[in-house]
Structures are given as C-alpha cells and as structure tokens.
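**Q** Taken in order, these protein sequences are the chains called A, B and C. Our numbering puts the first residue of the first sequence at 30, with every later residue one more than the last. Our numbering puts the first residue of the second sequence at -15, with every later residue one more than the last. Our numbering puts the first residue of the third sequence at 1230, with every later residue one more than the last.
Some clues are possibly wrong.
To be verified - Residues from chain C shown here face chain A by an in silico Cβ test under 10 Å; the list is partial: (1) 1296; (2) 1300; (3) 1303; (4) 1386; (5) 1387; (6) 1418; (7) 1421; (8) 1423; (9) 1461; (10) 1464; (11) 1466.
As the list claims (entries may be wrong) - Calculated Cβ distances over 10 Å to all of chain C for the following chain A residues: (12) 32; (13) 77; (14) 86; (15) 90; (16) 251; (17) 322; (18) 410.
These are computed hints drawn from the structure, not numbers from a lab. For glycine and all other residues, C-beta sits at the position ideal for the given N, C-alpha and C.
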Amino acid sequence: MDFSFPKEYQLFRRMARDFAQNEIKPRAKAIDRDHTVPHDIIKKAAKLGLLGVPFPQKYGGMGAGETGYCILAEELGRVCSSTATVIGAHIGIAAMSIHLDGTEEQKQKYLVPLAQGTAIGAFGLTEAQAGSDAAAIKTTAVRDGDHYVLNGTKQFITNGDIADIMTVMALTDPSLGAYGGITAFIVETDTPGFSIGTLENKMGIRGSSTAETVFEDVRVPKENVLGGFGAGFLTFMKTLDVGRASLGAACLGGAQAAMEASIQWARAREQFGVPIATKQSVHFMIADMAVEIEALRSLIYRTAWMIDTGQPHILEASACKLFGSEVAHRCIDKAMQIHGALGYSRDYEIERGWRDQRITEIYEGTNEIQRIVVAANIFRPYGLRIPT
Amino acid sequence: MDFSLNEDQLMFKKMFADFCTKEIRPRGEEIDQSEVPPVDLLEKAVDQGFCAALVPEELDGCGLDIYTYMLMLEEVARADMSTALILSIHNSLVLKPLIDHGTDDQRARYLEPLSFGEMIGAFALTEPGTGSDAAAMVTTAVLDGDDYILDGTKVWVSNGEIAGAILIFAQAEGGITAFLVDAGTPGLKVGYREKTLGMRGVPCNTLYLDHARVPAANRLGNEGQGLKIALQAVTLSRLGMGALALGGAERALEEAVQFSIEHIQFGVPIARKQTIQNFVADAKAEIEALRSMITHAAWLADTDQDFRLQASAVKLFGTQAASGITNRMLQVHGGYGYMKEYAIERYYRDCRALEIIDGTSQILQFLIAQDVYKAEGLEIRP
Amino acid sequence: MRIIVPIKQILDPSGLSFRRDKERMFINREEWIIDPGSKAAIEAALRLKGEEDEILALSVGQPRADDALREALAMGCDTAYLLSDEAFAAADVSVTARVLAAAVGRLGGADLIVAGRESGDTGAGQIGPRLAEAMGYAQVTDVVALAIGEDGIEATRRWGEGYAMVEAPLPVVVTVAPEAFETRLPHGARIMSAYREWDVPVWTAADLELADAALSPLLAKRAESFPPELEVGERFRGDPETVAEDVVAALKRQKAIA
C-alpha cells in the first residue's frame, strides 16, 4: 500500500496552492463583501487549466481525474468558498454530467470549451417543489420537429446567471415519473426563451450566484439530449454521486484553514499571562480538529482513488460530503470560539468561513439525504429498500 | 412548590408578547440588513416600561422582579435578538448597578433619563489586551481635585454609539473602580463600530479616553469596588443571556415547525419525516430544560439568595443549546434556511454571539468548576 | 533560437530555521524547490520564446533534481536533462560550471543561456560568468529586463544605483535578477504530462566525457560559523518627550525628514 501522492499530484497541489494563496486569498474578503463573482480570477484559473482538472486531455482537460480535482477543491476551499463553489459547480456537476454521459460529438462541442474555461457551466435540477425530492420536477420538454421545447423554472442554480452551457433535467413523459420520464438536455443559455429570475441573497458563499432560471419555449436541438432518452434520473444521480467527493474535499480545505487560524491565534493571544494555547479548553479543541481532519483527509483521497480506479464508490462519496461538511462545521465553530469576539467580527476571516460553511450541509443533497443514500447502500445487499 | 405565574406576571407576559409581536417582530429583517440600531423601537418600548424594567415602582419604574424581567427579555428575543441585547445591556449592566450602588444624587441625575428613553446605557469593561482576564485592565483613573482623569481604550462596548451614559471601569489608586460617564464628556470619543456576524442592530464601539474628566460624584461605589460591581451586574446579565437564548431558540423552533408543516417533499409535509421530528423533539426538550433552569435561578435571585452559580450554568447551557437549536432548525429549512428572507438565517447568526459575549463558555466552565471545587476546599485559578 | 537554462534545486528556505544558541540550522520542513533565481531565468526565457525557439533546462544535482526539471518542463521548457553522478557529489561552483559547459557542448551549444544571478543557498553568483568564459560567449549579469534585438540581445542591467542598457551579440550568457521576473505557474495539463509522458534523460560524468581532474573542486570547506551578532539600528531610551525629540533629530540626520 502506498499512501503517497504520485509526484505529478504533489506538483499540482503546489501549483493549486500557489494560485489559491496568491491570487484568491487576498481577494476573498472583498468577494464576499461585494457580493460579486470574481470573473477575473475564474479566467486566470482557466488559463492554468484549472477548470478542467478531472477531464481527459483530449477534451481540453488536465487529465488529473478525481484525485486531481479533490486536490484543487481542497486548495480552493482553504481560501475562498465562493470561488470554490463557482468552480465546483462548473466542473463537478455541469461539465461532469457531459463527461459521464455525453456522446463524442457532445464532448467535442461542449466539454472542451467547459474544460478550457472558455464557457461556464451550470447544472439545472432543483425546482421550488423539487429539492430533496428531485424526481418531483415539473419543467417539461416537448418534442417539436428536430427540437425539444423546454418550459419551466429552475431554482437555486449555482452559476445560473453566468453560465453559457447548462445541463437541464426536464420531464419528457410526466406519466412515467422519475424512472423513464425525465431526460437530461444540454442547453446553450443564449437560446431565446432562457432568462434569469431572482438572484438569491444568501448567508454565505456570496461570491457565487444562486439563480432562478426560467425556460419559456426554449428550443433545444434533439442532438442535445444527454445520456439515454428518458434516463435523465440516472444521469443526474450518477453526476451527483461522484460530485460529492470533491465537495468533501472543499470542506477539508475549509476545516484545515480554520484549524491553522486557530493555532496561530492561540499562540499569539495571551490572557492571564499565558498564551491561550496552553489552556486545555483551547488545545483540546484544536486536537479534536486535527484528528477529524486526518480522518477526513484519508476518506477523501481513498474515495478519489476508488473513483479513479473505476471501483464502486457511492457510499464512500456520500460519506465524504456528509462527514466533510460536519467536520468543517465543528472546526469552524471551534475556531470561532477560540478567537472570541474577534471570531464574530467581519474584520477577520473566521466569521466568513462560518457563514460559508453552513451551506455545505445542505446543498447537493442535504445531509439527511446523504444518510438515506448511505443507509440504502448498506441495506441493499440484504434486499431491504430504504424509503425516502 | 408553585411554578405558575401570578396575575401580575401573566399580565406582563401578555403585554410583552403583544408589544413585541406587533412592533418589534416585523422589523427584525430590516434591522439586520440595515444594521441601523432600532432607536425608534426603543423609544416605543420606553412607554411600555422596557427601559425601566428593574427600577423600583417608588422610583417610577416597572419594579419587575427578576423572573418577570426574564420573561420580558425572552419575549423581545423571540421578536428580535438585537433589540433584546440592547435592552439587556441597558437594564442589567447599567440601570441595575445604578439602582444597587448609586448615591441619591446619582440616581436623581441618571435614573429618569435612563428609564424614560432619553438615555441608553452602555457598559465598558473589555480592552484590547483584556477580555476574559478583566482584572488585568490598564485604563487608568487618576484623582485630580474633585475629578478623576480617565485614560485608556475600551473595545466591544455594546450600545456604545447610541449610549447617553456609559459605565466605565478603570484602575484607580484603590483598585478597579466604576464610573458613570456622560457620552458628551470631553476626552471621551466613541470610535470604530465593529462589523459583526450577527446582532447587527447592536452597535459595538471602541471607546477612547484621552484625559477625560469625570466628576468624582460620578464614581459608582468606592475605589476598588469596581470589579465587584461588574461581577454583580454581569451575573444578572448572564442570566439574561439565558433568557435571550430561550427566546431565540423558541423563535427558531416556531419557524421550523411552521416550515416543516408547509413544505412538501416526497408527497408529504417534511414534518412527517422522523429526522425532522427528532430535531424538533430534541429542541423542545432543551427549551423546556432551559426554561426551568431560568425559572429556578430567577427565583433564587428574587428571594435574595446567591444565584451566581446558577446564572453561570444557565448561560453556559442555554447559549450552547440556542446555537445547537438554531443550527438544527436551519437544517429543517433546507436551502431556504440559508436565504436572508427567512428569519432562521439571522437567528442562527445572532444566537452564535451568545456563546462569546458576557463571558465565553470556556470562562463559564472555569467559574462553575471553581465553585464546585471551592465547596470541597480546593482553590483553582484561571 | 536555442535557449539553455541551467537550474538549481535548493532546500526551501522557509522550511529552515537558524538557532544561534544551538549553533546550527534546523530543517523543520524538508522541501526541495527550484531556486528563485533559476525560476526567474526560466520565466525570462519563456517570455522570449517564439514559435521557432526551443528551451532546454539543465540541472546538476542529486537524482531528486529530476523533480525540478519536471517542473521546468511543466512551466513551458521543451526538454530537460539531469546531469547527475556520484562523482559530482563534491562539486563546488567551478566543477558545476564545468559540468554544465560539457553538457552545453554536447547539446551543440546555445544561442542564449539564461541563469539566475546567484542561488538562494550558496549565493556564489559565479555560474553565469564561469559558463560564459568556458564557452567563450558574451555575458551580461544582474539583468532586470531582456529582449531580443536586431543583432543579439538588449538587456537592462543594474549599474550602481541605476541601470544600464547593454547590447550583446549571440551567443550570450545572461544572469537575471530573481526579483525582476514574476514567475508563471505551470499549466495543469503540462504538470500531468511532465511526469506521465515526457522524459528527463540523465547524463553521467562518462556521458559528458569528464575526467576526474575536471571534477576536483577548487574550494575546501574548513569551518562553518554564525556571523557575529549585529546590533541593528539605534535605540532611544527615556521619557516620551525626550525620546520623541531624539528620534526627530536622528531622522533629520539621516535626511529622512526635512
């Protein structure tokens, strides 16, 4: 067993870390305060190949697989959750869906520009009445000649307002419901009929946009059906299943940053004549952070390896997201307590990390859904079906 | 043992609830977004006696007992946490010390304006180098004729920029001493307002004292009594933080329960899912426990018994419970809980402050442990 | 145009600490990096590179220097060679320069050689000039800006408290000021390819036809010590008024204020 990263991944981590620390970290506070997507940073990331990390080089990607992608997610998560979210949605679910289920033509036409970052991607699944219950979507796609006509509204779509390409789930046969009735489509957002509705005002990840996207008679060519016709449920489940691992990696980065900040503050801050780091209340908190981070790190990169070597990974990837988000929560919360009042101040980075972290337990499948996924995978071999 | 509220308490509770629901609650979102202190609400609150809760009736106050005061804070917190915190600081940390330790002259000068809305009170203890370790403060007060000259910097002074009178603690020759300082005193400058995660309607300012001249007639208690006065005030304040935690937790539970009934997923309201029910049940149990704790501690206070340990326990337990409850109630809301149009979003941020202000949970752990071991004859130091 | 960039791999100084009381250096974190001067040289070369040009990176080092060369490839160099042999273990700067010269010779010479002005660890600053002498090339050192001109290169080099514009014919050795060239990050795809697809050939003393005599160092280290402690700056003591006056007077003496 060799637990070390191959050298190309070590060099890649250094590059990703350099980029994150030098280009993004100094801007993170302003990105949050100004509530704007840092387009220039995204462009710089694209120039380094960072928008296509997991995808094969022949489709304009980096060829670094899930392992490379988790490394990027971790390094981004250390400095700016907003940037991590924008890039994460772009790579992890939008482009990923095309990578997993696209035809050769679709990959050439859409995956290449997404991987090279000349186009930005979004993933359109959620609707007002279909959150955890993703199968309850109502957006329809009706065949009309060589096109499908899409009508409906998607909600809470990351990158919804900045995306050029969007993978959209729509009902092609309402009578069949989730299994057989949903189809995935690749939509170019400059198609007439596509518009943006509300842009959400969120607690955190404020440098990423969360948009309502409206489809009014949007005509999509039949060649843009992604995956099997009527098999949209499979496409999005597959995409979400693998997307979870990298979300956990971003949480790992955030937890690590929280711990490092706590270590430095605890060393520097003195009360009662000593650095507060010498108080058990403080260093036990830090010790607990360190232990959980180690466990999470092992979970993430073993899962990435399983994905890269084609092994079944649904339970493990779900665990990455579930455990990762909860570890990140505990770490940033402890970090806030260690920093005292300064942890509560917007002049310091801790409160932003605290706000940014909270969504990780909710998006891309709430942690309650993750528990259902894990339980379902546990009981499936026994023939017992876990209901939602 | 009779745990029921008496007629007066019932009347006050209803009055508080009505006022808060009608006047304060609808303003919560706007107070948080604008970060403008709700001074106009405080003015309205004055008419209901909110700013004179603990002032004895013979001095024209509400004359509430501690328990009813806790009911008041709970109701305000249920409506809006920032407003509750402003009122708690004003009543527990400024008015109460004035009532307990003020000379007739001081009471004559300050009680009325503080009680009837002309003045809000603020409490200045913390310094850049001394948070938990308050006894090591370095702000000085040097006697000069009939005045003291105050020099130093205080930070995280809640209510700072809306205060008309500030209770400031400084090292005089005889030790730490409390002073009631008018906001307009030459040499006193209210400076930088902190930008906070939550409680955004409460201004927290840095105070600069540059040769500020404070008449000796404004010294509260004797030289060297300051820390004792502060501790006494903070004890009541900590119990109040428990009431804030209770109100906040109850609001969070209310929001989540409503949401879970209305929000349909998988064909049913999510209230039908066991996990949601478990979140709600755990929250309810903790709320009940906290309520009982506060009731008991308040009774001790109202029967002139030492309630310091109980106040610390309420603060420690209650504030951690509120953080946990607002967190889980946010989870019940799913993605909506992250959006600013939903009250739970700001209650999550607001309640988090309670584990830090007025003594961090870690300091409270120390204080409680200290009391436990003291009873066994062992002295422990911070 | 053929551009050769000799690079050095050094221990990351940020992972080191020096304790005067223990009289030694501690390696808190052992990480090997491309020397900042060398990296600046790669960057300078990349900025000049046109369609027809090729950049070759060379390094004299232990087998681990392979990583430095892979990083150079990832940054944009076209080929890389590791010059490594146990016989090079005792090399001082004169030997290193001789090894590099042999490699340049074996490659058929270069139009331009770009190196760092001095390395971050030993700081001798001699590789560039020694290489130029060995190859018989022109040399321009401590360059902060570099361009290809009509008849060779146009370089801006530091000269006293200012700068001088120097023109030199090809072939030429240029050493660059590390701080003058903001180095690029390597493209992700090239990082993967650098390890998975491309080769870094290793040349030994035998490959370079270097006899033992050529590999004997000129320098022998006799001892190592910390430099004497320096009292830096001027200390002012006294009451605030006096100290303030003294500080103002000192600043005026230094012509820092009028």
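**Q** Any of the earlier hints contradicted here, and which numbers?
**A** When the structure is compared with the hints, numbers 4, 5, 9, 10, 11, 13, 14, 15 turn out to be violated.
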